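Enquirer: Here is what each chain is made of, one letter per residue.
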Amino acid sequence: MTLVKILEILAILVGAFSGFIEARSKKMDVVGIFTVAFITAFGGGTLRDILLDKRPLFWVTHQEYAILIFLLALVAVPAIRTLRRIVSAKLLVTADALGLGLFSIVGVSEALSAGMPLFIASMMGVITGIFGGVLRDIVCNEIPMVLRDGKPYAICSFAGCWMYLLMQQAGVPADFSLWSSALAITVFRLLTWAKDIRLE
Amino acid sequence: MTLVKILEILAILVGAFSGFIEARSKKMDVVGIFTVAFITAFGGGTLRDILLDKRPLFWVTHQEYAILIFLLALVAVPAIRTLRRIVSAKLLVTADALGLGLFSIVGVSEALSAGMPLFIASMMGVITGIFGGVLRDIVCNEIPMVLRDGKPYAICSFAGCWMYLLMQQAGVPADFSLWSSALAITVFRLLTWAKDIRLE
Amino acid sequence: MTLVKILEILAILVGAFSGFIEARSKKMDVVGIFTVAFITAFGGGTLRDILLDKRPLFWVTHQEYAILIFLLALVAVPAIRTLRRIVSAKLLVTADALGLGLFSIVGVSEALSAGMPLFIASMMGVITGIFGGVLRDIVCNEIPMVLRDGKPYAICSFAGCWMYLLMQQAGVPADFSLWSSALAITVFRLLTWAKDIRLE
Numbered sequence: 001m002t003l004v005k006i007l008e009i010l011a012i013l014v015g016a017f018s019g020f021i022e023a024r025s026k027k028m029d030v031v032g033i034f035t036v037a038f039i040t041a042f043g044g045g046t047l048r049d050i051l052l053d054k055r056p057l058f059w060v061t062h063q064e065y066a067i068l069i070f071l072l073a074l075v076a077v078p079a080i081r082t083l084r085r086i087v088s089a090k091l092l093v094t095a096d097a098l099g100l101g102l103f104s105i106v107g108v109s110e111a112l113s114a115g116m117p118l119f120i121a122s123m124m125g126v127i128t129g130i131f132g133g134v135l136r137d138i139v140c141n142e143i144p145m146v147l148r149d150g151k152p153y154a155i156c157s158f159a160g161c162w163m164y165l166l167m168q169q170a171g172v173p174a175d176f177s178l179w180s181s182a183l184a185i186t187v188f189r190l191l192t193w194a195k196d197i198r199l200e
Numbered sequence: 001m002t003l004v005k006i007l008e009i010l011a012i013l014v015g016a017f018s019g020f021i022e023a024r025s026k027k028m029d030v031v032g033i034f035t036v037a038f039i040t041a042f043g044g045g046t047l048r049d050i051l052l053d054k055r056p057l058f059w060v061t062h063q064e065y066a067i068l069i070f071l072l073a074l075v076a077v078p079a080i081r082t083l084r085r086i087v088s089a090k091l092l093v094t095a096d097a098l099g100l101g102l103f104s105i106v107g108v109s110e111a112l113s114a115g116m117p118l119f120i121a122s123m124m125g126v127i128t129g130i131f132g133g134v135l136r137d138i139v140c141n142e143i144p145m146v147l148r149d150g151k152p153y154a155i156c157s158f159a160g161c162w163m164y165l166l167m168q169q170a171g172v173p174a175d176f177s178l179w180s181s182a183l184a185i186t187v188f189r190l191l192t193w194a195k196d197i198r199l200e
Numbered sequence: 001m002t003l004v005k006i007l008e009i010l011a012i013l014v015g016a017f018s019g020f021i022e023a024r025s026k027k028m029d030v031v032g033i034f035t036v037a038f039i040t041a042f043g044g045g046t047l048r049d050i051l052l053d054k055r056p057l058f059w060v061t062h063q064e065y066a067i068l069i070f071l072l073a074l075v076a077v078p079a080i081r082t083l084r085r086i087v088s089a090k091l092l093v094t095a096d097a098l099g100l101g102l103f104s105i106v107g108v109s110e111a112l113s114a115g116m117p118l119f120i121a122s123m124m125g126v127i128t129g130i131f132g133g134v135l136r137d138i139v140c141n142e143i144p145m146v147l148r149d150g151k152p153y154a155i156c157s158f159a160g161c162w163m164y165l166l167m168q169q170a171g172v173p174a175d176f177s178l179w180s181s182a183l184a185i186t187v188f189r190l191l192t193w194a195k196d197i198r199l200e
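Protein chains in written order, with my numbering: chain A, 1 to 200; chain B, 1 to 200; chain C, 1 to 200.
Hints in this document: simulated from the structure, not taken from any laboratory. Among the hints, erroneous ones may be present.
It does not matter which identical chain is used: a pair holds within one copy or between any two.
As the list claims (entries may be wrong) - Here are the simulated PhoX-like pairs of lysine-lysine, each with C-alpha atoms no more than 25 Å apart in a straight line: (1) LYS5 / LYS26; (2) LYS90 / LYS195; (3) LYS90 / LYS54; (4) LYS5 / LYS90; (5) LYS27 / LYS90; (6) LYS90 / LYS26; (7) LYS195 / LYS5; (8) LYS26 / LYS54; (9) LYS27 / LYS195; (10) LYS195 / LYS26; (11) LYS27 / LYS5; (12) LYS54 / LYS195.
No experiment lies behind these values; they were computed from the predicted model shown.
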């Protein structure tokens with residue numbers, strides 16, 4: 001199994017988790033919660049595959065992904081209820097930041113290996129990174145996180161995607177550039193959120 | 001004409017009708033109303049066809065569907081104005097419940113005949129069933145019905161899709177399983193709505 | 001370069017500009033502003049290409065479009081801040097009306113040359129014309145302009161698309177019918193907006 005696949009599975013789990021948290025706070029029923037988690041986890045990658053015209057979609061050939069999220073929904077819902085009391089909004093922002101980093105880098109890497117030019121690949125990374133969360137927020141009738149708090153968001157993904165692209169051009173080993181740039185996006189986003197840094 | 005095609009046409013008519021009602025209450029102009037009806041009627045099936053990569057889309061090869069809805073828009077708008085005075089919100093919930101049942105079962109059946117595995121087919125059914133209504137509500141700036149009233153919604157579609165899939169596996173005649181599971185979804189949704197049943 | 005291509009580039013520029021204005025008023029960071037501009041400029045055409053199954057997408061083969069919008073974002077943001085003080089909401093409505101006209105006619109013309117039947121082509125025009133703006137408004141958490149002010153909107157696009165289709169059938173030179181019907185949509189929309197004309 002390649003590192004990209006592992007990162008994708010991690011991204012799906014984190015995306016589903018942030019879907020659970022937000023859907024739960026809207027008092028949706030268990031299938032509603034699952035549907036929101038499913039949309040958040042697979043939305044970005046599905047858009048990427050549609051834009052690149054890759055079929056069958058990755059979650060069609062791997063139905064175990066969808067079943068896994070369904071089983072997680074049954075377990076996670078009571079768990080989140082307990083967790084929320086302790087950590088409040090921080091949990092959602094952290095899960096969302098992890099998802100932003102992982103989805104962006106998987107997106108840019110898939111776009112690059114599909115032969116997209118560099119700038120387009122970076123945009124595909126940003127779109128894949130933010131789209132699942134935007135869908136989650138729109139379906140849950142929230143202002144998308146990309147503009148909710150007025151702090152850097154899309155720019156973290158954009159910077160990380162270019163960090164990845166430049167490392168690839170410079171001949172850095174693929175595994176290292178994948179991990180490190182995904183991590184960089186997450187850390188950058190969490191730092192600007194915690195320190196209340198604003199770009200204006 | 002197969003039963004699936006008939007159910008699809010019924011679903012389109014019901015979907016368009018729920019679009020008329022909601023767009024009308026937003027005081028949109030007649031083409032705006034038509035556009036919302038069009039999106040509600042064809043949104044779920046279009047997403048299903050894009051996910052399954054089926055082209056040309058069903059409403060491209062059958063332009064009579066779109067023309068029919070356009071003609072209905074001219075007739076239905078004054079009719080709804082009168083009807084609404086009598087039945088209020090009930091009409092929208094009923095039309096939406098009928099659409100949920102019909103679209104879900106058409107979706108799961110098309111996904112199955114496109115060779116999708118069972119669990120994916122059930123998810124396609126749920127997505128096709130709820131997507132048109134979600135689009136309608138998002139475009140009309142309403143909270144999607146899937147979470148508006150806190151009552152079972154997606155789970156009705158999910159249960160009905162599995163009822164259909166199990167009947168198919170058990171060798172029940174296709175026509176009977178199509179009709180009965182679409183009906184089951186609609187009745188299930190309307191019952192939980194009327195009796196104020198909540199899953200928590 | 002054909003006239004359709006020129007109109008498309010104009011539409012992209014105008015669409016991006018209306019995205020800048022709205023994202024700016026939401027205090028998004030520079031990449032957020034760029035992303036909204038990107039979605040507004042390419043959303044309608046991307047949906048059209050997906051519905052027509054045309055790949056690669058036009059903004060993938062022309063990465064200079066995306067780069068142009070990125071550079072414009074850097075320049076336009078301070079410019080808009082100054083402009084807004086003078087012209088307020090009028091600027092957004094004007095940019096949106098220009099985009100409506102240009103995108104609609106490019107959409108109907110591409111659908112026609114892809115062999116779509118007339119009525120479907122007119123619907124593709126309307127969808128391409130309004131979709132970018134609807135996406136822009138949804139991502140920015142605004143009520144879509146198509147229903148924001150209760151004045152004719154979709155119907156302007158619809159009328160202009162049929163004006164184009166009828167001119168084509170009547171053998172009017174393509175260039176003239178392209179320009180004039182795009183202009184007609186914009187003028188029609190701005191007139192009804194300025195004169196406060198309502199269809200009911």
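Enquirer: Provide an ascending list of the numbers of those earlier hints which the structure does not satisfy.
Expert: As far as the earlier hints go, 1, 3, 4, 7, 8, 11, 12 are violated by this structure, in ascending order.
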